[in-house]
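Asker: Listed below are the residues making up each chain.
There are 2 protein chains.
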Amino acid sequence: MLYIKKDRNYQLILFKKRIQRISKASLWAVQEKKRMKVVIVGGGAAGISTASNIRRNDDDAEIIVITMEKHIAYSPCAIPYVLSGDVEHFEDIVMHQPEDYLEKNIKVITNSEVFEIKSNENKLKYRIKNQHIGIEKEISYDYLVIATGATSFIPPISGTKLEGVFKIRTLEDGMIIKDWAGENRVAVVVGAGLIGLETAYGLKKMGLEVTVTEMLPQLIPRSLDSDMARIIQEYIENEGIKIILGHPIEEITGEKRVEKAIIGDQVIDTDMVIMATGIRPQIKLAEIAGCKIGRWAILVNEKMQTSIPNIYAVGDCVEVYDAITKQNTQSPLGTTAVRQGKIAAKNIVGIKAEFKAVLNAMVSKIGAMEFGAVGSSKASAMHNGIEVISGKSRALTKARYYPGAKRIDVKIISTLKGRIIGCQIVAEERVAERLDTMSLVIAQEVTCSELAEMEFSYAPPLSMVIDPIILAAENACEKLNKLGK
Amino acid sequence: MLYIKKDRNYQLILFKKRIQRISKASLWAVQEKKRMKVVIVGGGAAGISTASNIRRNDDDAEIIVITMEKHIAYSPCAIPYVLSGDVEHFEDIVMHQPEDYLEKNIKVITNSEVFEIKSNENKLKYRIKNQHIGIEKEISYDYLVIATGATSFIPPISGTKLEGVFKIRTLEDGMIIKDWAGENRVAVVVGAGLIGLETAYGLKKMGLEVTVTEMLPQLIPRSLDSDMARIIQEYIENEGIKIILGHPIEEITGEKRVEKAIIGDQVIDTDMVIMATGIRPQIKLAEIAGCKIGRWAILVNEKMQTSIPNIYAVGDCVEVYDAITKQNTQSPLGTTAVRQGKIAAKNIVGIKAEFKAVLNAMVSKIGAMEFGAVGSSKASAMHNGIEVISGKSRALTKARYYPGAKRIDVKIISTLKGRIIGCQIVAEERVAERLDTMSLVIAQEVTCSELAEMEFSYAPPLSMVIDPIILAAENACEKLNKLGK
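Protein chains in written order, with numbering that gives the first Met the number 0: chain L, 0 to 484; chain P, 0 to 484.
Simulated from the structure, these hints should not be mistaken for lab results. Do not rely on the hints blindly, as some may be mistaken.
Below, in silico cross-link-like pairs of lysine-lysine (BS3-like), each with a Cα-Cα straight-line distance of 27 Å or less [unchecked claim]:
1) P:K355 <-> L:K416
2) P:K391 <-> L:K103
3) L:K302 <-> P:K478
4) L:K405 <-> P:K291
5) L:K103 <-> L:K122
6) L:K416 <-> P:K351
So that you can see chain L by itself, here it is in the shape it has in the complex (with noise of 0.2 Å):
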């Protein structure tokens, strides 16, 4: 009695288990039995993001990770609050080790260059890096997943060689950066997007004197309009960083080491440059598989499926669609990373997913202040011959009495027919979490009257009875009951 009651337990698990996987995995890959084997090659936010979807979606699957890099699963975004000390040590933003993998069963390769891909075999070739180049390894694949993110770009103007001339994009940039800050005394920032503020930040809290130099007219031009640009710039200003806008840099000089910064006519004695100057997909492997290339990344569909159909390909690598101006873009952040790695491994184990048009949600934190933005700018509607008009309020991050109520500005950037397009914050305070609603706001095409018309919630320490999109919305019906729209 007491053996049959096991042996139904038994059964009964043998019959959970088969549940599970059919729910887990796709029907694709119940039917055909094969354990499939995926090789990603990047171990990046994007990578890692596939690794551990394919892994959630499928007890089975054989996943490998290839990687050039030492380190995996690490915030790149973190690197300026290492060197503004907000966060202690590099080692804190590795957030995993390739051991840790194992756990999950997924094979991490560390330090290995992929430098050949057989797309009508299925094979690749990679090499360990740092030893004789004799030493090569073939593996075959059933999936290839491209995650080789991008490079910084460096303009070809001279002196990018000298020694104290970095760029910033790995872990190992940011150490090299911080050795060598730690020493010395003067810093040039080249490029006021994101990274180059921050980083300016990160060194002026480390004590050096540090100009931030953009060769267009103002900070963050890729997404803020000029006049809340200019807002964070008296900021950073205020906090004593040097800005000087509007010229490109020209030159880097010195003998063996920089001396030097030429940015139109003012000549920087510096000890360090930094490179803040933008990024390129890294396309070369998905070119040497065939994979097709867009004008600016790799090409995928809504699945994250390249031109080659068992290729896949994510993260900084890829072009994306832009909601606003239907035409491709790049969307260079780690939630997109991460967020397209969870569709392509739903779609290699059989699950539909799409990754949907990005509106480009961005966010940062510069000392105390925080800013960002999504979907479109006025400036870049208009650009793109997108008629818009701007809804802006100035306001508080608390009820007026609360103590320590911040400021807050919001500009809301509508079309003629009301729908909002995009929106900009800055504040000392609650910006993330506001551009989220707005992004929802995007996605969901509701109009300024609507959104006047939302439920926020309240309370005195939290916010005002009337919330600051609330009163750029209500400007901007404002505006467009002007026009008589």
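Given chain L, put chain P in place with the hints provided.
Answerer: Below, chain P without anything else, positioned relative to chain L:
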């Protein structure tokens, strides 16, 4: 020549003024050319919002606000924060004096009680409080707005008239409580809703020994499920406040002043009792006028119009439509009052506007703990016969490695079809704006799987790369998948 130019300018100014008036006021108002007279009874958020919004849309209207209170335009939600000392003075939370409204040409009559409304004659009578009953005044109106709010509900137990037993509703209540608490040692707060808990915390910060008692078996039963309420309970108990759940207060005893509060089998020696036992809409005037009353309060349509076409009603004294239960309910929130005032004002001046169904988004901060809810709780959904599942996440408010990251708990309530109908969040930061995102999610009928793929902004000091909301949505999706939905 100069004369003609001047004349043309003058004509232009006249023309512009006329255009402004047409766009600002309603067509109706322009056609009638009569100066509209609006009387608003009540000087709280709803009444004042109505007055200001009428003025915003109509330069001419005669606007009179009559209130029983000495103060207008103060923030009753802020009273507990004056007790706690976060806000220094009661004066701070009074945002405007009656005189301030003269600037906007809004007449405010304080300390005056409206006691008769002759709706067939469009007239009302009021008397000035604390004066001989003989001094009565009668005024006429074109539109009447009832914004009489609500009064504290005191349960019918013995001892509530003793000295040291207080309701907490108006600024005067707050002042009296603060004075009494300043001279005493022990307090009992009856009712563990928002105002009860906030007041308890304020008294604790004043140095009193505080017990909160609640008839129902959990804190904040109106908005939160018991699992989420327990997190807040733990925090509040750690702050040294005693909590008694599941027992109604039975009696308050004492000679002239309160001595004991009897709750179940517990007898608490106390110096004061605060009755935070809910509110009742003030509907007497509406009844006198002959307006239809619903199950809870004054019935209004989506224009905030009562059953009598030229009488509107706004704020705590009206019933609203619940977006989830599809039944009438109460929404005694400052934000609701302000939004209703705006809608009523627009309709009065002839601009089309509708007050939408409510989600009752609420948020509070007690000490370091923020918490809130929007839409339906799981318990309330089940109570209303809606089959639901919940998705939960326990995550962090910043990147895992970032110093100062706080725990955050998110609970999402979804129908079996995957439509999100509620959300509760508890954390030490960044709760309010996340709730606003969830308000929009619910209002826009976003599903769990859509939310799980939504774009969120990310920076290490501000968020996790996968937002806690996404994690909760993924958890909900998994549960729905297991159910085969």
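Asker: Does each hint hold? Answer for all of them.
Answerer: Right, here's what the structure says about each hint:
no., hint, in the structure
1, P:K355 <-> L:K416, "holds (22 Å)"
2, P:K391 <-> L:K103, "holds (23 Å)"
3, L:K302 <-> P:K478, "holds (24 Å)"
4, L:K405 <-> P:K291, "violated (44 Å)"
5, L:K103 <-> L:K122, "holds (24 Å)"
6, L:K416 <-> P:K351, "holds (18 Å)"
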